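Number of protein chains: 2
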Amino acid sequence: MGRFVTIKDIAKKLNISVSTVSRALRDTYDVNQETREKVLAMANELNYRPNFNATGLVNRSSHNLAVILPFVTNYYFSTVITGIQEVAYQQDYNIILHITNDSPERELAIIKNLAASNLDGLLISVSSDSDATAHFQKVMDTGVPIVFFDRVPDTIHTSKVMQDDYNGAFEAVEHLINSGYRNIAHIAGPEGLDFTQKRKKGFLDALAKHNLPVNERWIVHSGFSQENGEADALELLKQKKRPDAIFAVNDRKAIGAMIALKKKGIRIGTQMGIIGFTNDPVSTIVSPTLSTIAEPAFEIGKRSCELLLKHIGKRNFIPEEVILPGTLIKRESTRR
Amino acid sequence: MGRFVTIKDIAKKLNISVSTVSRALRDTYDVNQETREKVLAMANELNYRPNFNATGLVNRSSHNLAVILPFVTNYYFSTVITGIQEVAYQQDYNIILHITNDSPERELAIIKNLAASNLDGLLISVSSDSDATAHFQKVMDTGVPIVFFDRVPDTIHTSKVMQDDYNGAFEAVEHLINSGYRNIAHIAGPEGLDFTQKRKKGFLDALAKHNLPVNERWIVHSGFSQENGEADALELLKQKKRPDAIFAVNDRKAIGAMIALKKKGIRIGTQMGIIGFTNDPVSTIVSPTLSTIAEPAFEIGKRSCELLLKHIGKRNFIPEEVILPGTLIKRESTRR
DNA sequence: GTGAAAGCGCTAACAC
DNA sequence: GTGTTAGCGCTTTCAC
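Going down the list, the protein sequences come from chains S and Y.
In terms of the working numbering, the first sequence has 98 at position 98, counting the first letter as 1, and numbering is strictly consecutive.
In terms of the working numbering, the second sequence has 181 at position 181, counting the first letter as 1, and numbering is strictly consecutive.
These are calculated hints, taken from the structure and not from any lab test.
Worth double-checking, as some hints may not be accurate.
The list cannot tell twin chains apart, which means a pair is met if one copy fits it or any two copies do.
[Claimed, not checked] Below, a list of computed lysine-lysine pairs in the DSSO-like style, where the Cα atoms sit at most 30 Å apart:
1. Lys264 - Lys240
2. Lys330 - Lys263
3. Lys138 - Lys38
4. Lys330 - Lys262
5. Lys264 - Lys330
6. Lys241 - Lys209
7. Lys12 - Lys112
8. Lys13 - Lys138
9. Lys38 - Lys330
10. Lys138 - Lys8
11. Lys8 - Lys262
12. Lys310 - Lys112
13. Lys112 - Lys8
14. Lys13 - Lys112
15. Lys198 - Lys209
16. Lys238 - Lys138
17. Lys201 - Lys330
18. Lys12 - Lys138
19. Lys262 - Lys12
20. Lys12 - Lys201
Values in this document were obtained by computation on a predicted structure and should not be read as measured data.
Produce the entire structure from the sequences given, and follow the hints as far as they go.
Spelled out as structure tokens, the structure:
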């Protein structure tokens, strides 16, 4: 087992004390310029790497950030991670990745087993059905900061980063209206989730603004998958009075709905408009291409991580809630 | 800053020594059954969590695994990660995620800055253009094991996990031939990559087996993106003698090719067959649906991680090369 | 400006 | 079966 080079090795080689080496390496305190250069040169020559276990032990910090989220296998989350990683990388922080599979039990288990002592902070997007948030609060109480993104619990006082669900939804529905659709249905997400409510509210308010009626039966709640979207659309088609457009809570469900419509021989766009939310790359691949609200996923990752780093840096950093706007993207699925 | 509970705290409360606590906690050596239970109970009560920095310092181990790969924003890699995470989670290992953006420079920088002392092992899928592998060897020389997956360098002697690129490609092309296509082109990946070569070889051998001619101009190399696929297909269409089917190195490029064909008014399937590789979920969403070879991405993640854990467990574990078979999935794009 | 020494939380001889 | 002690690699008083 090749032992790693330590500051002791450097000290010995240079015939100076470890404390001087330590000081020189960290570029702090007053160390003789010449000594510092010698140390740096030797460190470089020996390919010295600080042992984070040791520094962590002393400083009570590890340069590790945990990221806890439901999935990585979709466009949104994988892009958020890429954004997080981008700033973490710049600042020399490690990302420790935990995947909950959207299971509250797994989420709880992960948090419980978390070696908080080994972490400088957490970035979390909560599971769909998780309404308990006490475990998060406990972690924060031990002094480890958390920043939530996308799926945020409103009971916890800390920084949060999300897209502007309300306005995005509003804009999507208004686009539908401006395109000439009048009977607009909503394929929604799981009812308990905060952003499901926000998008629904945006939907309702857009209808209200344009004096369009709300048909309660045209609002269908279910999960986030394509299959859910397909089933929801079928549900809508069963009704006597059919809508002429659908606002889906996300692109996956919108695409599921498109599949259902195609099966039923309904022409997307001309006969029934569809708009999604996310701007998943598949929305340009499906036919017709899918109109949607682009979420700033990468930016959300970056901002979350930046905020977390601020919390870590300042003990009493005042929590911020960042809401990033989405962008309406018009494609074929809303062309009559 | 809430200090964490340490074994010292437990010892003090129970009026015993830290070493007894340590032994009881680790369920090793002979500790009095009664003492052990008392310790466990107290640990539980105080919500004790081991400090990994401390254990890591002593044991020279951290229970951290680094995963280094080009992207997380695609189906294949995000699924591999999920597989890795699955076994890591079971065994109480952390995943430290590094994303290279497929840049050899970034890959090198990550490896160089790696605090190897903080890692028990690495899981790596190399960057496209990375032909230098000395940096990997250096890490291994320090005693930290590496397992490569998917994109593996053949110069390094260690465990590797990959799909059966050769046979998958062979099967894909044979399926094309069996479906009645005779003039088969190949949209390939970057030339330097090992699996690009393997898939190409499978392509060539399938043609040879069926006595079909190889047209060098029908083999186009470029990157992995959808745009690359589109451009490659356009390239093929320019030629006097056009192929009647395309085997694409992956689904992304296949879909790019489909887009190109559609633009040119060529009917996919009847006029030109297309088959991809991966079984990205989009392959069922595109129209027509895309035939492909399903890669066992999740399984690849699991097996890689299992192998790495074996390397970590046994100093002199003999490297294994695992090759997992793909599965032919017939869909509309190869129906004449 | 530099060195000696204590200590972060834990494990592993070594005593008894 | 349990306690004492040294030490993992590093930072940080406290001397000088």
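Next on the checklist: Hint by hint, where does the structure go against what was stated? Just the numbers, ascending.
Outcome noted: 9, 11, 16, 19, 20
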